[in-house]
Amino acid sequence: MKKIEAIIQPFKLEEVKEALKAIGVDGMTVSEVRGHGRQKGHKEVYRGQEYQVDLLPKVKLELVVADIRLPEVVQTITQAARTGKIGDGKLFVYDVAEAIRIRNDDRGESAL
Amino acid sequence: MKKIEAIIQPFKLEEVKEALKAIGVDGMTVSEVRGHGRQKGHKEVYRGQEYQVDLLPKVKLELVVADIRLPEVVQTITQAARTGKIGDGKLFVYDVAEAIRIRNDDRGESAL
Amino acid sequence: MKKIEAIIQPFKLEEVKEALKAIGVDGMTVSEVRGHGRQKGHKEVYRGQEYQVDLLPKVKLELVVADIRLPEVVQTITQAARTGKIGDGKLFVYDVAEAIRIRNDDRGESAL
Amino acid sequence: MYRWNHVVLATLLLSGAALGQTVTDGEARWAAMQSTVKAAQSAGDNAWMLVCSALVLMMTGPGLALFYGGLVRKKNVLGTMMQSFILMAVVTVLWAVVGYSLAFGEGNSFIGGFHYLFLNGVGAAPNADYAGTIPQQTFMVYQLMFAIITPALISGAFAERMKFSAMLLFMVLWSFLVYFPMAHMVWGKGGLLNAFLGGRYGCLDFAGGTVVHVTSGVSALVCALYLGKRLGYPSEPMKPHNLVLSVIGACLLWVGWFGFNAGSALASSALATSAFVATHFGAAAATLGWMLAEWIKSGKPSVLGAISGAVAGLVAITPASGFVTPLAALGIGFAAGVVCFFMVTAIKHVFGYDDSLDAFGVHGAGGTLGALLTGVFATYLVNDGLKDASGRPLPLGLVDGHPGQVLNQLIGVAIAWALAAVGTLIILKVCDLLIGVRAEPQNETEGLDLSMHGEEAYNFEA
Amino acid sequence: MYRWNHVVLATLLLSGAALGQTVTDGEARWAAMQSTVKAAQSAGDNAWMLVCSALVLMMTGPGLALFYGGLVRKKNVLGTMMQSFILMAVVTVLWAVVGYSLAFGEGNSFIGGFHYLFLNGVGAAPNADYAGTIPQQTFMVYQLMFAIITPALISGAFAERMKFSAMLLFMVLWSFLVYFPMAHMVWGKGGLLNAFLGGRYGCLDFAGGTVVHVTSGVSALVCALYLGKRLGYPSEPMKPHNLVLSVIGACLLWVGWFGFNAGSALASSALATSAFVATHFGAAAATLGWMLAEWIKSGKPSVLGAISGAVAGLVAITPASGFVTPLAALGIGFAAGVVCFFMVTAIKHVFGYDDSLDAFGVHGAGGTLGALLTGVFATYLVNDGLKDASGRPLPLGLVDGHPGQVLNQLIGVAIAWALAAVGTLIILKVCDLLIGVRAEPQNETEGLDLSMHGEEAYNFEA
Amino acid sequence: MYRWNHVVLATLLLSGAALGQTVTDGEARWAAMQSTVKAAQSAGDNAWMLVCSALVLMMTGPGLALFYGGLVRKKNVLGTMMQSFILMAVVTVLWAVVGYSLAFGEGNSFIGGFHYLFLNGVGAAPNADYAGTIPQQTFMVYQLMFAIITPALISGAFAERMKFSAMLLFMVLWSFLVYFPMAHMVWGKGGLLNAFLGGRYGCLDFAGGTVVHVTSGVSALVCALYLGKRLGYPSEPMKPHNLVLSVIGACLLWVGWFGFNAGSALASSALATSAFVATHFGAAAATLGWMLAEWIKSGKPSVLGAISGAVAGLVAITPASGFVTPLAALGIGFAAGVVCFFMVTAIKHVFGYDDSLDAFGVHGAGGTLGALLTGVFATYLVNDGLKDASGRPLPLGLVDGHPGQVLNQLIGVAIAWALAAVGTLIILKVCDLLIGVRAEPQNETEGLDLSMHGEEAYNFEA
Ligand SMILES: Nc1ncnc2c1ncn2[C@@H]1O[C@H](COP(=O)(O)OP(=O)(O)O)[C@@H](O)[C@H]1O
Ligand SMILES: Nc1ncnc2c1ncn2[C@@H]1O[C@H](COP(=O)(O)OP(=O)(O)O)[C@@H](O)[C@H]1O
Ligand SMILES: Nc1ncnc2c1ncn2[C@@H]1O[C@H](COP(=O)(O)OP(=O)(O)O)[C@@H](O)[C@H]1O
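Protein chains in written order, with this note's numbering: chain B, 1 to 112; chain H, 1 to 112; chain U, 1 to 112; chain X, 1 to 462; chain R, 1 to 462; chain A, 1 to 462.
One or more of the hints may lead you astray.
List time: in silico DSSO-like cross-link candidates among lysine-lysine, alpha-carbon distance up to 30 Å [stated by the list, open to error]:
| hint | chain 1 | residue 1 | chain 2 | residue 2 |
| --- | --- | --- | --- | --- |
| 1 | A | Lys429 | U | Lys40 |
| 2 | B | Lys85 | U | Lys40 |
| 3 | U | Lys40 | X | Lys239 |
| 4 | B | Lys85 | R | Lys229 |
| 5 | H | Lys21 | H | Lys3 |
| 6 | R | Lys229 | X | Lys429 |
| 7 | B | Lys40 | H | Lys40 |
| 8 | X | Lys229 | H | Lys21 |
| 9 | A | Lys229 | B | Lys43 |
| 10 | U | Lys60 | H | Lys3 |
| 11 | U | Lys3 | B | Lys85 |
| 12 | H | Lys60 | U | Lys40 |
| 13 | U | Lys3 | B | Lys17 |
| 14 | B | Lys85 | H | Lys17 |
| 15 | U | Lys21 | A | Lys229 |
| 16 | H | Lys17 | B | Lys40 |
| 17 | B | Lys60 | R | Lys74 |
| 18 | U | Lys21 | H | Lys17 |
| 19 | H | Lys85 | B | Lys60 |
| 20 | U | Lys3 | H | Lys21 |
| 21 | U | Lys2 | H | Lys60 |
| 22 | A | Lys297 | X | Lys300 |
| 23 | A | Lys229 | U | Lys60 |
| 24 | B | Lys40 | U | Lys43 |
| 25 | H | Lys21 | B | Lys3 |
| 26 | U | Lys60 | B | Lys60 |
| 27 | B | Lys40 | H | Lys3 |
| 28 | B | Lys17 | H | Lys40 |
| 29 | B | Lys17 | H | Lys21 |
| 30 | B | Lys85 | B | Lys17 |
| 31 | B | Lys17 | B | Lys60 |
Listed next, the stretches of chain R that the computed footprint assigns to chain A, with coverage defined by at least 3 CB atoms under 8 Å from CB atoms of chain A [said to hold, decoys possible]:
| hint | segment |
| --- | --- |
| 32 | 39-48 |
| 33 | 135-147 |
| 34 | 180-189 |
| 35 | 289-295 |
| 36 | 435-443 |
A short list of chain U residues far from chain H (calculated; beta carbon distances all over 12 Å) [stated by the list, open to error]:
| hint | residue |
| --- | --- |
| 37 | Glu18 |
| 38 | Ile23 |
| 39 | Arg69 |
| 40 | Thr83 |
Calculated from the structure, these hints are not laboratory results. Model, not experiment: these values are computed from the prediction. Glycine residues also receive a C-beta, built at the ideal position from the N, C-alpha and C atoms.
Let's have the full structure, built from the sequences with the hints guiding it.
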């Protein structure tokens, strides 16, 4: 099993979710994060005090998938999340040692 | 060392924490996430505009534990978090290459 | 490639970010988490109802770096985040199987 | 019709010259002048009473809605605010149809009649029994605002677990069975407890210690006991989700309470001022009372404590506000702050019921305390509304040398307790049989906002 | 100067003894007394009108700012609130310079003149044409508050996508081209539609059904159509980011609306009370109307629905508030709740325009409905301001047996629709040519708060 | 007692017929009529002043509490709101015991006496020196609200780092050492700077430019300097955590300020209207002034800027509000907006002190500016309260051809600066010695909410 961790633009979440649903991937966990990369941040000014904000809102998607589905899922995500502009984000893949469904103790790929 | 990542129902957090404390596991990191799986979401309507909400609030627990404690901790978590209904969540295990205590640079299992 | 996951004190984030910038590390993802460890929590009382709060606000930093930069980056983070007091946090390292830049499908270390 | 007085007045005032010609007879001239003066008096009093009506509405929405809304968990904030908001609509309709008539129409000692059904006859002319210088419509709408907030106060007790439909039914029945009778008994002409208009046991309740706070507080207790605890209480943390909202709410309650108490003078008189001052002083002293008690007992003075203290003080001073001196108000307020602190932090835990937002601990206890202390501190030096045959003001409370008043107050309080407790229990039973009062467990877990109203309060992701 | 009346009065009242000596002649004594009574009357009326002015300002800020601010996405909340707030500043300056003069100065049937340029001559003395018992300055500042909120209402239609600079320009031009003329036509002396001061087509609009709500609502529709949909609408979720804010806003609107409607009696009279009651009843019934319609249609009564209903009811009762009985107010309100519910949930989706916060659905539809129903339910029993030669009150609406009034109302509404639609379209074109009205796509995506104002509303991390 | 006037009135008005029989003598009839007219006048004025008292309280809570609360970091929001809220309680008790007496009792040029200790003798009868048509109790409670908000303003300077206990002690001492004397000097009978009641240097301060804003603003500066910077300032980001709260706060301040300024006419007179208009115009122009200055200098008009500008304008117009024309108010406001913008954004950074919420930059600078400009623009055309022997109004400011007034204003401002600076420094030293003023570093890091009050404002997880 592999874990996919994709950092994407928040406004792309809906599209990525739809695309994943289309290929039958359901299980995923989403969280709000802030990211820093090549994308330029913005300036905020509060009563003359300037702040350079370089952590921008992003959404992190985490999915654990069977090895065999990995390429397909990765491609689906990158395609749906792409705008071609700086800030589109990154996708990382990790090995998973074990997966368990809490409800009934199913283990391994059958737990996904 | 292994990292346990458990996605559980928010209202189960207290119980899981107690159970872990009972077996002497202290270190953990918790975050708010939203998850999507088999659990059905709900409908929200704002002035006639319907939204199907399929990302439901979950809590993510992260613990790095010594290999030897893994089974015990996993069992403790799954038992405490279980209601037996869809939506109970998942637990994933990953390998950890290194752990460091920032305070004093302790490394490896002694850092946990 | 390695993934560094550092749990630090929120008020140290700015310093750590500066330190990383100084050594040329740009890409990172940050999220708000709550952590539990040796650090004592605090008591809150609402109309006589006491709550022992043992999950304290922390910041989680995630960076994927090339293997070769790992030691330097780890040292930079631990040094900048250290106060020497309990609660400074932990740093974990994991293997990364693959990294992809969503914008243009760059893969591997060149995607970082 | 409504514009008449004003038009007459304008005619008279703006054409002083013409006046001399039209009114030839001296007595007619006097009468005309008297009517213009009456209009001028009414302008001042009516301005005040309309403002007070608005202030009392503001106490319910947004005041109470915020105070309570901030104290519940995030998933219940809309449902909780809605319980206040919807009463602004529901009780208004009840009042228009028959409520005002049952409370203030002439009837027997316990309930009014149907004289004012559909507000028939409630117009521009004053009702001299209640307020001789303002249109009866003003009096009617002012009293309506009290009828709205009283049931809303109860909702603090069953927060986070009552079905919305059952809440609606409960509130309608409660208005009929508890509020209208109680308001009639204490304030209605010929009411059993009306000290000024022929009541058997003259109970002093300037702005609603018994009518509003004892009834709502005791009903709250019954609701808390009947509905049982919230799922997970007290093991799961149920911290207030947004105390900033509660602070705003408490401040608006404080400000609005001036309308509640000082408005109960029913005129922009020195008595209104006196009640205004007592109200403010009571709130201030209670804030300090609660804060000090908490500081000593728990080691830290909490903001939730301070605002709870303020509300407790406002509750306790309510029945007394038009009868006591500023210094007595400080005393009553301080006592209320300390007593309610112990009710909420100690007594509640001893008994173990789940009065989610302490509607009983604050309104029940504070209202009872205030009603009794009114019997102690009320003085004719502040309010000489009661006169003997020769026109000399009668002594009011214990401090005036009239200990019997404390007994009368006790009777009033006892009746309010009994009516509220029995009435509420019956109503809950009925509601439970008809539609069930408690939300389904999964709905309670999901939260009222989603399960009852299909919404979430905060959508911060987008 | 301004203090004069008061000083005279004090002299007279506080030295009753001296009075007898100074005033020897009976007639002079009468005159003096009349002037003190006039001052007393003015004190009451002025107190009321100043309070109402404050209340109407409170409707815009924080009322409307919160109501709208809560409905947008997090990234646009400050920009949305700013649209209301900045109008409190901009329109005030316009009004001082020339706006008041154009609206209420004498001119032709369509627009006032320059008589009151820079508020010249607008001082302590009453303007008897409009309000004979209060300083004209009071009348001026009260009317200013209406000129502020009206354009602010429009902003609900173009929320989340209009450039701030364009918004400012738009609002200035709109005030000149739509608001000042419309206010003059309906309320200005000699205005085409002024029922009380010599208008050709006497249109009954007590507090601004046509002047405020139809104009803003119709302009909102034109804006929504002209600007087009928000990026991502309707596929992306655009849920209200903080309904708690909207509930607070709705409550403050309700409370402030008493100033709006009851203040339009321009005196603290029984007519003010009557309008106060009608306002409250209209809001209450509409809340129930919307809630029931939604409950039946969607299965759940939402809090957003309840507060939207309240606003719809307040809108619809606005033109009628000084002319109808309490029971008629209940009817008008209920109708408004149901009709606006369908406008917002059904009709809008059929046509597919993106009126982000339903400014048209609520103000346009509710205002039109209210203006027409005013023609039906207005009655001389409530307002006898119109008299025949012999001083007998004239019948007002259909219920008084004067069906022609409905036609007059239709004419008024038609003129308001036409002026608003054409005026707004022209202004949008001009603004678009000069500076562009729509925010750049990346600015819209980033949110108005950051892109237009360089700020973020919430910084919860630190 | 209190109800007396009203009862008399009712008797007279409601039994016109009986009147003729009872009052046989013409003069007695006149006297009775005069007393009813006096009551009518009082009703209007009292209504207005009670409303104004409520409005000024609303400025502190929730107004200022929100304005300041939104500007701090999340972890300090409750502690910051508490600083305003608790003053509503603490100062009230001080005022009742001795504060009112020290400020408004007769004494010497610098401080009042103990005449009104425990509010002895402060009842229903007017105090003609201050306000001849309202109960002295009304005047007392109205002035109390000023005594509450003034110290609360200071708290903006030491936000996020002062110990709660030290804050309480500081505020009590500050009331005695700075506020009561300053209020007496400017407004008390016989006060050194009282222009109307026999002061040596007649300083024009209608509603508190020197008494309220200069004293609090200068004290704020001293506090900021004495306490030092917040930990991490200015390297760590310290963005406002919730600007929505600040916008609500600013709006409520604006609305409440009508009570502050227009209420300072102490009657519902044309002067009140004039002050109302000046207040509104000043706020509006200052909003635009700050916005334009910021737009030009930083490229974007921020919402925080707009609301800060509004407050700056309200501050500056405060001393002038009862003396200047509407157009002068626009000018004063605009100047204040621009000047305070530069104080806050440029001057502060030059000197480098950490006035966390700019209490000095806005209140100190704006108050000083306003006090001086009052000397320029005050005119007898607006306020003819000062008369020469023959009863002709005296010229007031420079525009009236009385340049000396500017000097008097300077003297008033200088005294306020000196008293505030020296007094505050002494008090801080005392507090520091007794209990320490600054929070422990770990408490500051943890946040005031947790460390001082044991609570958190937001619990969004559950
Ligand atoms: N090395 C990294 N480790 C972890 N997260 C990263 C890394 N590089 C980028 N990110 C995440 O990806 C987001 C997008 O990266 P950015 O460099 O702005 O865009 P792009 O990859 O399209 O050039 C960042 O905001 C950050 O959250
Ligand atoms: N493949 C997956 N990868 C990551 N997270 C998952 C995956 N499957 C489920 N989850 C997480 O677990 C939660 C519960 O899953 P769900 O399928 O609803 O329950 P159950 O496993 O009991 O059937 C989801 O809301 C989601 O957060
Ligand atoms: N075993 C662990 N797994 C995951 N996170 C941990 C673990 N131990 C500690 N943490 C995280 O590190 C934070 C700091 O740990 P703590 O024990 O308080 O400090 P220190 O390591 O300096 O003694 C915790 O709040 C928690 O978020």
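Legend entry - Straight-line alpha-carbon gap Lys21 of chain U to Lys229 of chain A, limit 30 Å: 27 Å, holds
Legend entry - Pair hint Lys40 of chain B and Lys3 of chain H, alpha-carbon separation not exceeding 30 Å: 33 Å, violated
Inset, instruction - State whether the coverage of the segment 39-48 of chain R by chain A holds or is violated, taking the criterion as 3 or more residues with Cβ-Cβ distances under 8 Å. - result: holds (count 10)
Inset, instruction - Please settle this one: Ile23 of chain U was flagged as non-interface, so is its CB more than 12 Å from every CB on chain H? - result: 17 Å, holds
Inset, instruction - For the pair supplied as a hint, Lys40 of chain U and Lys239 of chain X, confirm whether the alpha-carbon distance does not exceed 30 Å. - result: It holds: about 20 Å lies between the C-alpha atoms, which stays within 30 Å.
Legend entry - Straight-line alpha-carbon gap Lys229 of chain A to Lys43 of chain B, limit 30 Å: Status holds; Cα separation ~24 Å.
Legend entry - Distal placement of Arg69 of chain U relative to chain H, Cβ over 12 Å: 14 Å, holds
Legend entry - Distance restraint between Lys3 of chain U and Lys17 of chain B, which requires alpha-carbon spacing of 30 Å or less: Roughly 25 Å between the alpha carbons, so the hint for Lys3 of chain U and Lys17 of chain B holds.
Inset, instruction - Please count how many residues of the segment 289-295 of chain R have a CB within 8 Å of a CB from chain A and say whether that reaches 3. - result: Violated, because only 0 residues of the segment 289-295 of chain R bring their Cβ atoms closer than 8 Å to Cβ atoms of chain A.
Inset, instruction - Decide if the proposed pair is consistent with the structure: Lys2 of chain U and Lys60 of chain H, CA atoms, cutoff 30 Å inclusive. - result: Since the Cα atoms of Lys2 of chain U and Lys60 of chain H sit roughly 22 Å apart, the hinted pair holds (cutoff 30 Å).
Inset, instruction - For the pair we were handed, Lys297 of chain A and Lys300 of chain X, check the Cα-Cα distance against 30 Å. - result: Judged against 30 Å, a Cα distance of about 45 Å means the pair is violated.
Legend entry - Verdict on chain A covering the segment 435-443 of chain R, criterion of 3 CB contacts below 8 Å: Since three or more residues must qualify, the claim that chain A covers the segment 435-443 of chain R is violated, with 0 doing so at under 8 Å.
Going through the hint list in order, the structure does not satisfy hints 1, 2, 6, 7, 14, 16, 18, 22, 24, 27, 29, 34, 35, 36 and 40.
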